[in-house]
Amino acid sequence: MPPIIHADRCTHCGMCATICPMNIFKHEKGQTPKVAYPEECWHCNACVLDCPAHAVELRLPLNYMVLHVDADTLHA
Amino acid sequence: MIPVSKTIDADVVIVGGGIGGAMAAIAASESGAKRVVVLEKCHVKRSGSGATGNDHFSCYIPEVHGDDVEPVLTALMNSLVGQAKDVELMRLHLLESFDIVKKWEEWGINMRPLGRWNFQGHALPGKPRAFLKFDGRKQKAVLAEQMKKHGVTVLNHHPVVELAKENGRVCGALAIDASTPDPSFVLVSAPCVILSTGLTHRLYVNGTTPNYLFNTAHCPNNAGGQALGWRIGASMVNMEIPYTHAGTKYLQRAGKATWIGVYRYPDGKPLGPFVTKPDPEYGDVTSDIWNSAFLDVMHNGRGPAYLDCSENTPETLAYMRKAMFDEGLSALIAYMDAKGIDPARHAVEFTRFEPILHGRGLDVDKNGQTTVPGLYAAGDMVGNAGCGLGLAAWMGWRAGHAAAADAANSTGSADLASNPAIKAKMELLSSFMSRNIGAEWQEANIALTQIMSDYANVGPYNVRSETLLKAGLGYLAQLREETNASMKASCSHTLMRAAEVLDLFDCAECIMRSALERKETRGNHKRSDYTFTNPLLADKMLDVTRKDDGSVVTSWRNMKH
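As you go down the protein sequences, you meet chains C and X in turn. Letter 27 of the first sequence, counting from 1, is numbered 27 in the numbering used here, and no numbers are missing. Going from the second sequence to the numbering used here is simple: count from 1 and add 1000.
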């Protein structure tokens, strides 16, 4: 479940925890925030957009797959 | 007992720092209210459904549309957002919205990404377009900055869990300080409260990922405005008329009109009669007009339905991609890029999502005043007007000015901690924190979605009836009793979610009581025991109100034109 924080890039600023619209992180000063409630992520991407170190990415679960087909099949 | 960490005296309290709440706060300050306090569940820079953007603002600009607002109003009322609304409010919104647009531009929000006033999407071919395309990526940061400039006190991570009323008037609010793991209570006394908490999700089994509660098209962080209003005795309207959104399957995300394409059957035939090739100006309005389209094609076996953007020019596809960022769809774009899903080559399946409360809720006048003195509401949680972000901004602005004037002649509670509703909520939430063994909030939330999906579900493939709704109300009462007696919370976060579930219970009760009273079929409110649509109710709205003694009364009023 999203998000993933890359500890090697995280500067421990806590921005992701501060601004998350769902309050899913836990952060203690000087440490990489923890994704405490991953199942409550709304995949809004705010943490990715606001991380000054670009240390956050989302991994959407398999069951959120976006169903699609080759558009050419509709034009046959 | 959870301790009280702060008591605050304010002139105007705003519940929710989204688009409507932020505009209300700025307006109240401009109108002279000295102590304006925003209680925000998360953080005003990124909270609510507009957290990362929006790209369409409903508005009327005479230099674009001409001197007559009526054709634009008609177009808006004919769209999905216009159903069952007070025309009077929607007209006023359009007439005054350009002033808000100009204000936003002055504050630094890019309202003309193409250098001109550009109206696109959600429109019938040949008809006026009411949605101004803009770049909303920085909207929350800009509004947060404006609140700061106006001296507004913002308390982030402070969800509001109860309102207080004295002598028939609202007089304060109870919040949880959730900024630390150990919760405390914050009491805010004020003569005026403005509710602006957005839409309500998590009432029904999720339409694309059952029991994944947070895969929703808009922000699922239920901030409880409809429930707060219901409990304090404000009249609610349109709660029984279901609203459903649509979009990509299985990943839910709002913003379907940002896509520029044609809805097609698997054989390539368009679903609707409006476009056969992608049209950037009007979009494909089929799913606005034919709300159950994506479900119908699955039920009749002709589906699935795809949105096909592949016939756009490279320039239009590049424009659409940029607009998707403006709309706040960066996570969807990142996912599609990573998976190699390219709108130039792939058609994406669309589906209808589960019912939510959007444009269902408090009955307000043109200033956002509810039926409870001192209590105002703005945005998606208002029941008799609705148009997403544009309406939230406009109504928040009006409500803020009106509340500031109202507050000048009134006072808040002198002893909020002794108010019976506040006291009872403090005791109940404290009991959750004192319990080591008990029910998790998720159990209660999922149980609620089961009851709503079985006993108050929506058309066209599910029905409501007197026996179903009465059974649902009975089961809800059982669930509420068991939840109150057994739910536990271990920190401020889980306590916040537990309080949300209590709010969802109230929303569910209001929906079912309203649905019982509407003895007809209308839209997706499909009654198996009243299968017809009653023409005598076409121009009426159903108000449902909880009295102080807990009884519920209903009344019909004429729509305001």
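FYI, nobody ran anything at the bench for these hints, they're computed from the structure. The structure displayed is predicted, hence computed values, not measured ones. Some hints could be false.
[Said to hold, decoys possible] 27 Å max Cα-Cα, derived DSS-like pairs, lysine-lysine:
hint, chain 1, residue 1, chain 2, residue 2
1, C, Lys29, X, Lys1148
2, X, Lys1366, X, Lys1540
3, X, Lys1103, C, Lys26
4, X, Lys1006, C, Lys26
5, C, Lys29, X, Lys1103
6, X, Lys1149, X, Lys1103
7, X, Lys1148, X, Lys1138
8, X, Lys1488, C, Lys26
9, C, Lys34, X, Lys1488
10, X, Lys1425, X, Lys1547
[Stated by the list, open to error] With the C-beta cut set under 10 Å, the calculated list includes, among others, these residues of chain X facing chain C:
hint, residue
11, Phe1214
12, Asn1215
13, Glu1311
14, Lys1322
15, Tyr1335
16, Lys1470
Ideal placement from N, C-alpha and C gives every residue a C-beta, glycine not left out.
For each hint, the structure was consulted:
1. C:Lys29 - X:Lys1148: holds (25 Å)
2. X:Lys1366 - X:Lys1540: holds (18 Å)
3. X:Lys1103 - C:Lys26: violated (37 Å)
4. X:Lys1006 - C:Lys26: The given pair, whose Cα atoms are some 23 Å apart, holds under the 27 Å limit.
5. C:Lys29 - X:Lys1103: Violated: C:Lys29 and X:Lys1103 sit about 39 Å apart, past 27 Å.
6. X:Lys1149 - X:Lys1103: Measuring from Cα to Cα gives roughly 15 Å; hence the hint holds.
7. X:Lys1148 - X:Lys1138: holds (16 Å)
8. X:Lys1488 - C:Lys26: Distance ~20 Å between X:Lys1488 and C:Lys26 Cα, so the pair holds.
9. C:Lys34 - X:Lys1488: holds (23 Å)
10. X:Lys1425 - X:Lys1547: holds (18 Å)
11. Phe1214: Hint on X:Phe1214: holds, closest Cβ of chain C at ~5 Å, below 10 Å.
12. Asn1215: With Cβ-Cβ at 6 Å, under 10 Å, it holds.
13. Glu1311: Because about 8 Å separates X:Glu1311 from the closest Cβ in chain C, which is inside the 10 Å limit, the hint holds.
14. Lys1322: violated (15 Å)
15. Tyr1335: It holds, given that the least Cβ distance between X:Tyr1335 and chain C is near 6 Å, below 10 Å.
16. Lys1470: violated (33 Å)
Going through the hint list in order, the structure does not satisfy hints 3, 5, 14 and 16.
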